[in-house]
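Protein chains: 2
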Amino acid sequence: MTKRDAITFRSALLPQPLPLDSGRELAGVVMAYETYGELNEARDNAVLVFHALTGDQFVASEHPVTGKPGWWERMVGPGRPVDTDRYFVVCANVLGSCMGSTGPATQGPEGEPYAMRFPVITVRDMVRAQAALLDVLGIDTLHAVVGGSMGGMQALSFAANWPQRTRRVLAIATTARHSAQNIAFHEVGRQAIMADPAWNGGDYYEGQGEGGKGPEKGLAVARMAAHITYLSEAGLTEKFGRRLQDRDAKSFGFDADFQVESYLRHQGISFTDRFDANSYLYITRAMDYFDLAEEAGGRLADAFVAARDVRFCLVSFDTDWLYTTADMREVVHALNAVAAPVSFVELSAPYGHDSFLLDVPALDRVVRGFVG
Amino acid sequence: MTKRDAITFRSALLPQPLPLDSGRELAGVVMAYETYGELNEARDNAVLVFHALTGDQFVASEHPVTGKPGWWERMVGPGRPVDTDRYFVVCANVLGSCMGSTGPATQGPEGEPYAMRFPVITVRDMVRAQAALLDVLGIDTLHAVVGGSMGGMQALSFAANWPQRTRRVLAIATTARHSAQNIAFHEVGRQAIMADPAWNGGDYYEGQGEGGKGPEKGLAVARMAAHITYLSEAGLTEKFGRRLQDRDAKSFGFDADFQVESYLRHQGISFTDRFDANSYLYITRAMDYFDLAEEAGGRLADAFVAARDVRFCLVSFDTDWLYTTADMREVVHALNAVAAPVSFVELSAPYGHDSFLLDVPALDRVVRGFVG
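In order, the protein sequence lines correspond to chains F and B.
Note that full-length UniProt numbering has the first sequence beginning at 1, numbered continuously upward.
Note that full-length UniProt numbering has the second sequence beginning at 1, numbered continuously upward.
Think of the hints as simulated: they come from the structure by calculation, not from any bench.
Possibly wrong hints are sitting among the right ones.
Identical copies look the same in the list; a pair holds intra-copy or inter-copy alike.
Simulated pairs of lysine to any residue, SDA-like, Cα-Cα distance not exceeding 25 Å [unchecked claim]:
no., residue 1, residue 2
1, Lys239, Thr66
2, Lys239, Thr229
3, Lys213, Asp248
4, Lys250, Asp21
5, Lys250, Asp291
Here the structure is a predicted model, which is why all the values come from computation and not from measurement.
Assemble the whole structure, with the sequences as input and the hints as a guide.
Quick look at the structure:
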């Protein structure tokens, strides 16, 4: 948390209170965002990129906390598949997150951090906040919305709810509905955080809670569990197998004997430097609540009735067991049912769900071809 | 822990110190066990059943802590597939566990519980302890060894190391080697336990550690994560889908809105009543270390060279993504390579890995046919 607190983010204050699916509304919402390229005079060359659960607005520029390159630099930039020489790319930190946008760590109206007093939000609420940000930026209609994983959920939600505001929708490695297994993995992560005495009911921002540093151990465990779902079994085997970490023989102890243990521990611990545990609770909850068919009264096709003039492209990966090709196919069927123009491709890549972030040249070609 | 402490288990003291794969040895090992049926005069009608990670010796009789029926009553009993009218069934609590056999909760030579001073053990060590128990019981050669999941690992280990002591080996829903993904899930569980301040480095048996009750929260999270791997995605969807728990609409809160959340929380919490967290650490470690090929110098077939006169039956389930049909097929190939007689069947069942414990009539028929 400390590292994030010291950073000034580029951001906009939404002029109106944001209505939420819960029936509550949120005043004074700040949306942190980054842009790449130039908005043209017609203001019609903008591409909105949605980030995933633990992502952020730094899609094509250095992350200010970790110093790492933008999370999708291979896809977004000059001459890249989403070409910033031609398009004005906007990426906003989602509502509820912790990289400058309003979330549980933000100071609420009582003058103290919201913590668990922050309202429970939905994926549609996240998208609503970004539609309001587009108003602030003076962008009426987008060239395209693009996202993978939770970003893909937002892309589909944008199509369902604001179809007149985009011409193209590209949704990658995602689903129209969180499954029981998806919910189960998230619930494990939430319970790991809440079981940590340092969580203290969410009130840890001002040094309360055991240790005063927030539920770092619980958050690390949550991240470890989630991380397994981002990788394929075959990918894990290829990357680590049963190879030992810095030793020739098993230690007959509880150190990280295996490389895969060491890797997971590192993933868990490093995550706590850049992410807020309460944000993790709220965003996973929003994903679990996501069910586009339910929002439309039970039938997925009805969610897309007003989106039949939008062009869709859907991409799945054959080794993704978190959001599978079968999940994506349900979306395709719904779009077919309303006669929306849709291309669908299942790509072969060894990395599981994380394939959308990694070196998959076929994905680059699909994105370049569709965004145009 | 309290509930278990008050119970007297049927058990035997091993007369010799038990040598361990780590090079250490363990003196004064107690093995708790149950038997069903009668040993015949020739002492050749015994069937040794191996239990799974969190299982116990109460295969066909009431669990003394939970009051629930034996975990495999559908399979073991008079007239059942493993027919106790014909066979003398022995099931021992594995070394390192917590239902009466020597494990981390046992008092060590210093007079205090071993806790994390207990030696790290292997699946072969567990089996070695049971072979020693057979000596105590005066059983030289078994009619069969039978086990599912970690019980199947023990069955394979028994075949590899004590092939002259059984005529048949039945291994169900198991593997000859823990994969990177298997290790990863276990590591999440161990980290959840160790992250709990109530774990206290393993010393919680005498009321030390925060709260004085041991790492119940961490153990519950570990169980929740593991439990997901025991079920199939389709099974979870069929059983729970996105159905809500005791409510008509989402609560927009962090209670267990979804049935699958409520179910998982219950699985986690109820587990802590009957299982010891340190035992969970030691047994998962033993499973992660399991690699029969490595024990044989790198080639799995070499593990079974001395077992070529034993009859094998291997069973996998099509929805088991923890130990898959592909994992089992590797064992079959190794057995084929040494010309051991082996039947292999993949059964169709919707329950994922847990199918071996549940209502799968085809499994009953396979077991009955093979055990004879």
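Comparing the hints with the structure gives:
1. Lys239 / Thr66: within (24 Å within a copy, 42 Å between copies)
2. Lys239 / Thr229: both (15 Å within a copy, 21 Å between copies)
3. Lys213 / Asp248: For Lys213 and Asp248, the Cα distance exceeds 25 Å both inside one copy (36 Å) and across copies (38 Å).
4. Lys250 / Asp21: Answer is between; shortest inter-copy Cα gap is 11 Å, intra-copy 52 Å.
5. Lys250 / Asp291: The answer is between: 12 Å across copies meets 25 Å, while 46 Å in one copy does not.
Figure legend: structure checked against the earlier numbered hints; the only hint not met is number 3.
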